[in-house]
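A.B. asks: Take a look at the letters that make up each chain.
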Amino acid sequence: MEVEQLWQSVLSQIQLSISPANFATWFANTKISSIDKDCVTVSVSNSFSKEWLEQKYHKEIIKILREIDPNIKTINYIVNVVKSNKKSSSNRKQGDREDGSSEQLGFAELDINKETNLNPKYTFENFIIGPFNEMAYAGAMAIVEEPGKNYNPLFIYGGVGLGKTHLMQAVGNKIKEKFPEKIIKYIPAEKLISTIVNAIRNHNIEDLKKTLRELDVLIVDDIQFLAGKDKTQEEFFHTFNSLYQKNKQIILSSDRHPNNIPAITERLKSRFEGGMIADINMPDYETRLAILKQKLEEKGYDFDKDVLDFVANNIQKNIRELESAVNRLIIFKKTNNKNPTIEDAKKLLKNIIAAPSKITNFKKIIESITAFFDIPSGNMFYSSRKKEFSKPRQIAMFLLKKELKLSYSEIGRKFGGKDHTTVIHACQLVEKLWDEDEKTHQEIELILQRIYSN
Amino acid sequence: MNFTILTKELKKGISLTEKITGRNLTLPILDNVLIEVLPNFLKISSTDLELGIQWWGLCKTEKEGKIAIPAKLFNQVVNAIPEEKVTIKEKSNTLLIEAKNYKTQIKGMPADDFPIIPTFSKDLFVEINAGKLKEGLMSVVNIASVSQIRPEISGIYFSFEKETVKLVATDSFRLAEKVLSFGSKGGYKNTFKEPIAFILPQKAAKELINILTDEDKDIKIYLSESQVLFETYLNGMEHQEINLISRQVEGEYPSYQEIIPKEAKTKITVNKDDFSKQIKTAGIFGGRTNEVILKIEPKEKEIEIYSQDSEMGESTLNLLSKIEGNDLKISFNWKFVLEGLDNMKASEVTFEMQGNDGPAVIKPIGDPSYLYVIMPIKI
Chain C
1 MEVEQLWQSV LSQIQLSISP ANFATWFANT KISSIDKDCV TVSVSNSFSK EWLEQKYHKE
61 IIKILREIDP NIKTINYIVN VVKSNKKSSS NRKQGDREDG SSEQLGFAEL DINKETNLNP
121 KYTFENFIIG PFNEMAYAGA MAIVEEPGKN YNPLFIYGGV GLGKTHLMQA VGNKIKEKFP
181 EKIIKYIPAE KLISTIVNAI RNHNIEDLKK TLRELDVLIV DDIQFLAGKD KTQEEFFHTF
241 NSLYQKNKQI ILSSDRHPNN IPAITERLKS RFEGGMIADI NMPDYETRLA ILKQKLEEKG
301 YDFDKDVLDF VANNIQKNIR ELESAVNRLI IFKKTNNKNP TIEDAKKLLK NIIAAPSKIT
361 NFKKIIESIT AFFDIPSGNM FYSSRKKEFS KPRQIAMFLL KKELKLSYSE IGRKFGGKDH
421 TTVIHACQLV EKLWDEDEKT HQEIELILQR IYSN
Chain Y
1001 MNFTILTKEL KKGISLTEKI TGRNLTLPIL DNVLIEVLPN FLKISSTDLE LGIQWWGLCK
1061 TEKEGKIAIP AKLFNQVVNA IPEEKVTIKE KSNTLLIEAK NYKTQIKGMP ADDFPIIPTF
1121 SKDLFVEINA GKLKEGLMSV VNIASVSQIR PEISGIYFSF EKETVKLVAT DSFRLAEKVL
1181 SFGSKGGYKN TFKEPIAFIL PQKAAKELIN ILTDEDKDIK IYLSESQVLF ETYLNGMEHQ
1241 EINLISRQVE GEYPSYQEII PKEAKTKITV NKDDFSKQIK TAGIFGGRTN EVILKIEPKE
1301 KEIEIYSQDS EMGESTLNLL SKIEGNDLKI SFNWKFVLEG LDNMKASEVT FEMQGNDGPA
1361 VIKPIGDPSY LYVIMPIKI
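Sequences listed follow chains C and Y, in order.
Take the first sequence: its position 230, counting from 1, is numbered 230 in my numbering, and each next residue is one higher.
So the mapping is simple: my numbering equals the position in the second sequence, first residue as 1, plus 1000.
These are calculated hints, taken from the structure and not from any lab test.
Misleading hints may appear alongside valid ones.
To be verified - SDA-like mimics (lysine to any residue), calculated; alpha carbons at most 25 Å apart, straight line:
#, chain 1, residue 1, chain 2, residue 2
1, Y, 1217, Y, 1369
2, Y, 1301, Y, 1288
3, Y, 1107, Y, 1023
4, C, 350, Y, 1356
5, Y, 1378, C, 321
6, C, 364, Y, 1325
7, Y, 1265, C, 321
8, C, 299, Y, 1171
9, C, 338, Y, 1288
10, Y, 1122, C, 51
11, Y, 1193, Y, 1148
12, Y, 1193, C, 205
To be verified - Between beta-carbon pairs, the in silico distance windows are:
#, chain 1, residue 1, chain 2, residue 2, range
13, C, 363, Y, 1324, 49 to 55 Å
14, C, 18, Y, 1164, 36 to 42 Å
15, C, 78, Y, 1369, 34 to 40 Å
16, C, 445, Y, 1164, 33 to 39 Å
17, Y, 1252, C, 181, 52 to 58 Å
18, C, 78, Y, 1002, 39 to 45 Å
Think of the CB as a built atom: it goes at the ideal place given N, C-alpha and C, for glycine as much as any other residue.
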């Protein structure tokens, strides 16, 4: 006889001999959790029920059980709390917050699933697909179908605020939904580094290795931060190999192509390239408009088409900025109780759109370049003939000319009194590479993004 | 059953246990307290199936016995007894209360119907100074989330480490952490091998505050897989006085340490009482959203506290302050700020901020054991 039927027959007979209130209180959410030879284990929902069943109804229960199965000798009672459905609760919570008219911020960390580190707000449902991220999306979907089988690792790269994190977390959340038994972990690279450093300090690196190697899906965000962290790279390399051999899915993201990440060992680089590398570009106009509409819909607002047009036309490079524009429009609507007109929108978004982000200076450019290539910013950079220094220096000259409109001789002076012809040569060289060499082009794009971010 | 007891004692016992009984329609027995007469002791128990309280008091026992009695009614009757001593008997499920000029009968129910309050293995326990625990608990208990949507944060997080005890509560908008440190002076003993932690429902925590005294006594804490027991002792005796048994909240407490910012972009130092007063005054115009704005400029010697409500008006207040770091305009729910300040005893506090959309921390100067993290309102 089935375990469930066995318990049902107990319940049906007990019900006849006690009051409905008692029955509802003590027998709610009870069941037989296992039968081992002559011992039956009954799980109940709280300790009070456990005591009550043990002391008041035990005789009756065992009598009924023995009538059905004479072999049963003992009953164990255990407390097994019925867990509430977590997913629905987190959704409801977001609803709550949006209903309130104040924008009281909450601790974002509390929404994050402790086990997987994933934030439930990132899903495929609110991820917008366009030509700019099609490829990464396709890769992600293939992984969700069969984690570890296709494209391992999946390497996603692209600029800031374009949805890398969203996509990766959505993959994680979807896998968790489809295969609840899989162990998933999302780790930003910075966190990975600090965890490894702590583990080394506390002498429990073996434990860490073990937990990392038992994962089914490992997602590491912003992997470029591993640059220059040799010990972390080594640990990561071994973890990577061990997961890879067991066909466990690995997903990585970076702000640039693996080839462009400086100070990362060749063996890691080649492993990154072993699966699929997908880039996320700037979204096109149509996609930007679609994103705007979706964001507004999520928040329950709708604005004039020409206002949306204006936003989509003027904010081109960063989805996060689109979001902040949407928020500004909504606050305007809330405080003035009318939809913003195009004039209002122009005023409201002046800060985001107009030039402050285009203002930069010598220091910022140099810092961005040295940080990007991970080279010391001292004099070496100004004078060395080594290739690792000369190329960044040439790019620096090119950008100083292009962005700050400095004169050639002034740039020369800033680089330790170089002749203006040297500077002209450098600029022309980089200009040519910019047009012809895809890799250099991409590097410069990324540097520009760094210069003008924040 | 037949016993004689001091009325004062009886009053204490019933008022402690009566609180958690309520009108329970499905299981009327829960409106009752269970009265048990044991050798030399009277024991009164009550439960709502999540929480149970048991109280013991000395009495002169003639005959043992037990009965369940409607709690509210019994409380009213006992509180009306004018005399110092009272004798109580039981006859066919009726309680007879007799004193010199006083006789009452209360209809009860058979004691067998009363729920059995779970028992605990008492091998491993934590022993802790009651006064300190009470004080710590009071400073965090009201911060826990009232809503049951996220059960983990609807309770108070207790973490017992080697030499410290941490009490934490959050409702996702603010968080309070109290660290009780015990040096060599004692006041804390943990016989568990590993650090232990559990989440206590807010209601149980409030009851616990009620039963804890400020006196320099210790209480013991025992754990079972889903329950926790707090046990206090009778003055000068080895015998237990009050047991509070509660379920633990299921689930894992969020890794709250990550929320607490490690450094500050803008930091102000202010007199606590003045700050409380100004925040409260600004709150008058906080409107429905309770919003007040702090304007902080490092070159000034004062911060500006501004609030406005489109219907009522507005207020601008200044407050003397030491200011370090960046300019900042930041908006808070004034009630949240005030609740945090109210839990601090120091005369000066620091308020450290991370820009207008990141968590801010209020710390009392000279008291590293307490901190209060609060999220701003989006400007």
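A.B. asks: For each hint, tell me whether it holds in the structure or not.
C.D. replies: Verification of the hints:
no.	hint	verdict
1	Y:1217 with Y:1369	21 Å, holds
2	Y:1301 with Y:1288	31 Å, violated
3	Y:1107 with Y:1023	17 Å, holds
4	C:350 with Y:1356	20 Å, holds
5	Y:1378 with C:321	16 Å, holds
6	C:364 with Y:1325	21 Å, holds
7	Y:1265 with C:321	23 Å, holds
8	C:299 with Y:1171	23 Å, holds
9	C:338 with Y:1288	20 Å, holds
10	Y:1122 with C:51	17 Å, holds
11	Y:1193 with Y:1148	32 Å, violated
12	Y:1193 with C:205	22 Å, holds
13	C:363 with Y:1324: 49 to 55 Å	24 Å, violated
14	C:18 with Y:1164: 36 to 42 Å	48 Å, violated
15	C:78 with Y:1369: 34 to 40 Å	39 Å, holds
16	C:445 with Y:1164: 33 to 39 Å	51 Å, violated
17	Y:1252 with C:181: 52 to 58 Å	19 Å, violated
18	C:78 with Y:1002: 39 to 45 Å	41 Å, holds
Checked against the numbered hints given earlier, the structure breaks hints 2, 11, 13, 14, 16, 17 and satisfies all the rest.
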